[in-house]
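Colleague: Sequences listed follow chains A and B, in order.
If you're matching positions, the first sequence starts at 13 in my numbering and goes up one per residue.
If you're matching positions, the second sequence starts at 81 in my numbering and goes up one per residue.
I should point out that these hints are in silico values taken from the structure, not numbers from a laboratory.
In this text, all values refer to a predicted model and were calculated from it rather than measured experimentally.
A portion of the hints provided could be inaccurate.
Think about it this way: if two alpha-carbon atoms lie no more than 25 angstroms apart in a straight line, the pair counts; the simulated DSS-like pairs of lysine-lysine are [to be verified]:
| hint | chain 1 | residue 1 | chain 2 | residue 2 |
| --- | --- | --- | --- | --- |
| 1 | A | Lys50 | B | Lys209 |
| 2 | B | Lys97 | B | Lys161 |
| 3 | B | Lys163 | B | Lys219 |
| 4 | A | Lys186 | B | Lys163 |
| 5 | B | Lys90 | B | Lys268 |
| 6 | A | Lys217 | A | Lys231 |
| 7 | A | Lys137 | A | Lys80 |
| 8 | B | Lys97 | B | Lys140 |
| 9 | A | Lys50 | B | Lys163 |
| 10 | B | Lys163 | B | Lys334 |
| 11 | A | Lys50 | B | Lys90 |
| 12 | B | Lys161 | B | Lys321 |
| 13 | B | Lys321 | B | Lys97 |
| 14 | B | Lys97 | A | Lys50 |
| 15 | A | Lys195 | A | Lys87 |
Taking CB as the label site, the calculated pair distances span [unchecked claim]:
| hint | chain 1 | residue 1 | chain 2 | residue 2 | range |
| --- | --- | --- | --- | --- | --- |
| 16 | A | Ser14 | B | Asp311 | 54 to 60 angstroms |
| 17 | A | Ile193 | B | Asn263 | 36 to 42 angstroms |
| 18 | B | Ala137 | A | Gln23 | 40 to 46 angstroms |
| 19 | A | Ala190 | B | Met231 | 32 to 38 angstroms |
| 20 | A | Asn36 | B | Pro92 | 19 to 25 angstroms |
| 21 | A | Lys231 | B | Val307 | 28 to 34 angstroms |
| 22 | A | Lys186 | B | Ser305 | 41 to 47 angstroms |
Beta carbons are placed, not taken as given, at the ideal position from N, Cα and C, and that holds for glycine.
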Amino acid sequence: MSKQTFDLAAQGLRELNSTLHALNGQTNQTAWDIINPKGSHAIAAGLDAPIDVTVHGSTGYYCAGMNKHATVRIKGSAGPGVAQNIMSGAVIVDGDASQYAGATGRGGMLVIKGNASSRCGISMKGINIIVHGNIGHMSAFMAQSGNLVVLGDAGDALGDSLYEARLFVRGSVKSLGADCIEKEMRPEHLELLAELLRQGEADGKARPEEFKRYGSARKLYNFNIDNADAY
Amino acid sequence: MCGIVGLFIKDPALEPKLGELLTDMLITMTDRGPDSAGIAIYSRAGDGLGKITVQSANPKRDFADLDKDLHNAIGQPVVMKIKSSHAVIELPLDQLDAARTAICALRPEVRVMSAGDSLEIYKEVGLPKEVADRFDLSKMKGTHGIGHTRMATESAVTTLGAHPFSTGSDQCLVHNGSLSNHNSLRRKLAREDILTETQNDTEVGAAYLTWKMREGDTLGEALESTVDDIDGFFTFVVGTKDGFGVIRDPIACKPAVMAETDQYVAFGSEYRALVNLPGIETARVWEPEPATVYFWNH
């Protein structure tokens with residue numbers, strides 16, 4: 013096993029992604045450092061191998077999108093759509109994340125150590141997202157399953173048209189979206205939250221008891237003629 | 081899509097490099113807007129002097145002896161510098177209105193891009209690099225500037241459809257997004273005697289600001305009211321004599337990143353646009369909040 017360094021400015025994005033895609037399955041080249049990302053788009057998107065990738069700097073659109081098995085660390089901030097449609101593995105952002113972080117993610121974990129912008133976890137379908145800071149408006153819109161944990165505050169319309177994702181917010185929520193309500197925090201939720209905080213490198217920063225849980229009121233699941241005005 | 085860049089210099093030592101830095105940012109945004117590009121740059125004219133930037137589709141014909149004809153018309157000294165399809169005319173500040181009227185009479189095909197005591201606007205159809213080369217933008221000095229790369233959605237790819245749009249003396253606007261109520265707003269503004277020249281949605285946004293300020297709003301107030309009166313997607317960046325401002329619509333799906341150091345405040349549609357700025361590694365980098373007006377002034 014050896015550590016590989018890839019200079020994105022010198023070698024280019026296509027070369028990077030095709031090199032990493034070629035590692036599909038078993039590989040001895042498990043650790044990669046990407047230097048000079050300079051906000052480029054689609055860095056380390058579509059990985060499908062149990063490798064460790066560290067991006068030294070900030071990334072543009074769709075970093076680590078569609079990730080499977082790999083762990084991608086961003087030593088900077090991430091542009092729009094980081095870890096979009098992630099299937100498994102983990103993506104850890106040391107800085108902030110732009111809009112729709114973790115959108116439609118089906119599994120795996122996204123950790124954002126700074127703040128996330130609007131639409132964080134929009135349409136999430138199984139991913140766990142742990143944000144150490146705040147999240148912006150319309151986060152977890154139509155979120156279907158998985159967990160969104162926010163150590164800071166949430167913006168407007170949290171969880172609008174929510175399905176079965178669980179939302180845990182420690183700070184204030186500016187407003188709840190349609191059909192999203194606060195729910196009772198039961199022992200199993202505290203246990204789940206403790207585990208998520210541990211996985212999200214946040215266990216020293218917050219205690220499960222400090223969070224509130226939000227979920228779906230399940231009133232918009234089926235068409236009800238009494239709700240016609242809401243459409 | 082469209083790309084926006086902006087740079088507000090705090091440290092005068094960086095002023096000679098404004099054009100170079102801004103041009104690099106603009107070219108980086110080429111794939112967000114390869115149709116046309118434009119730049120507004122602020123550098124003070126001499127004491128008591130102002131400047132008018134004009135554009136012509138036929139510069140050879142229209143700019144020939146324009147300075148002499150204008151001098152004869154207003155009886156004041158006039159200095160004209162031609163840059164490709166644009167020309168910057170320097171003249172006494174108190175003569176700007178008279179000169180503007182005279183230019184329209186002398187050369188009906190010429191368009192006034194900007195007027196004021198420090199603003200120059202250059203915009204053309206073509207790749208941002210070609211546009212920057214054509215006007216030698218990288219050599220320009222100044223205190224602040226904004227630039228735009230256009231991917232047209234709402235109107236034709238023409239010079240006049242490119243950004244920035246001037247909204248008044250020393251004021252201009254660039255836009256990423258698309259406005260939905262620009263036709264009804266254009267009609268409403270026409271009834272207020274605020275006329276637009278193109279079918280472009282952004283020009284209506286610029287005209288709206290002109291109208292609000294004519295009615296007594298400050299630029300900040302006018303920008304705040306865009307959130308109520310303008311329907312659609314927008315990240316607007318406006319340039320003023322002293323600085324620049326930013327506002328995003330409440331949905332804020334059009335991207336925006338800002339960076340600040342002791343030397344400058346910078347705006348980019350993407351972080352990519354900012355990566356070659358000096359000291360960016362240690363700059364404070366953040367996204368402007370939706371429906372919030374930001375301003376930086378000298």
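Colleague: Is B/Lys321 close enough to B/Lys97, meaning Cα to Cα at most 25 angstroms?
Modeller: At roughly 19 angstroms apart (the allowed maximum being 25 angstroms), B/Lys97 and B/Lys321 satisfy the hint.
Colleague: Is the Cα-Cα distance between B/Lys97 and B/Lys161 25 angstroms or less?
Modeller: holds, 21 angstroms
Colleague: Would you mind confirming whether the straight-line C-alpha gap from A/Lys195 to A/Lys87 stays at or under 25 angstroms?
Modeller: violated, 35 angstroms
Colleague: Taking 32 to 38 angstroms as the stated bounds, is the beta-carbon spacing between A/Ala190 and B/Met231 within them?
Modeller: holds, 33 angstroms
Colleague: Below or equal to 25 angstroms on CA atoms is what counts here, so check B/Lys163 against B/Lys219.
Modeller: Cα-Cα ~12 angstroms, so holds.
Colleague: Do the alpha carbons of B/Lys97 and B/Lys140 lie within 25 angstroms of each other, as the hint requires?
Modeller: violated, 31 angstroms
Colleague: Would the pair A/Lys186 and B/Lys163 pass a check requiring their Cα atoms to be no farther apart than 25 angstroms?
Modeller: violated, 52 angstroms
Colleague: Measuring from beta carbon to beta carbon, are A/Lys186 and B/Ser305 in 41 to 47 angstroms?
Modeller: violated, 22 angstroms
Colleague: Can the restraint linking A/Lys50 and B/Lys163 be considered satisfied, given a maximum Cα separation of 25 angstroms?
Modeller: violated, 33 angstroms
Colleague: Mind checking the alpha carbons of A/Lys50 and B/Lys209 for me, to see if they're no more than 25 angstroms apart?
Modeller: holds, 20 angstroms
Colleague: Using the beta carbons of A/Lys231 and B/Val307, state whether their distance is inside 28 to 34 angstroms or not.
Modeller: For A/Lys231 and B/Val307 the Cβ distance comes to about 30 angstroms; the hint holds.
Colleague: Please work out if A/Lys217 and A/Lys231 have their alpha carbons no farther apart than 25 angstroms.
Modeller: Distance ~35 angstroms between A/Lys217 and A/Lys231 Cα, so the pair is violated.
Hint compliance for this structure: hints 4, 5, 6, 8, 9, 10, 15, 20 and 22 are not met, and every other hint is.
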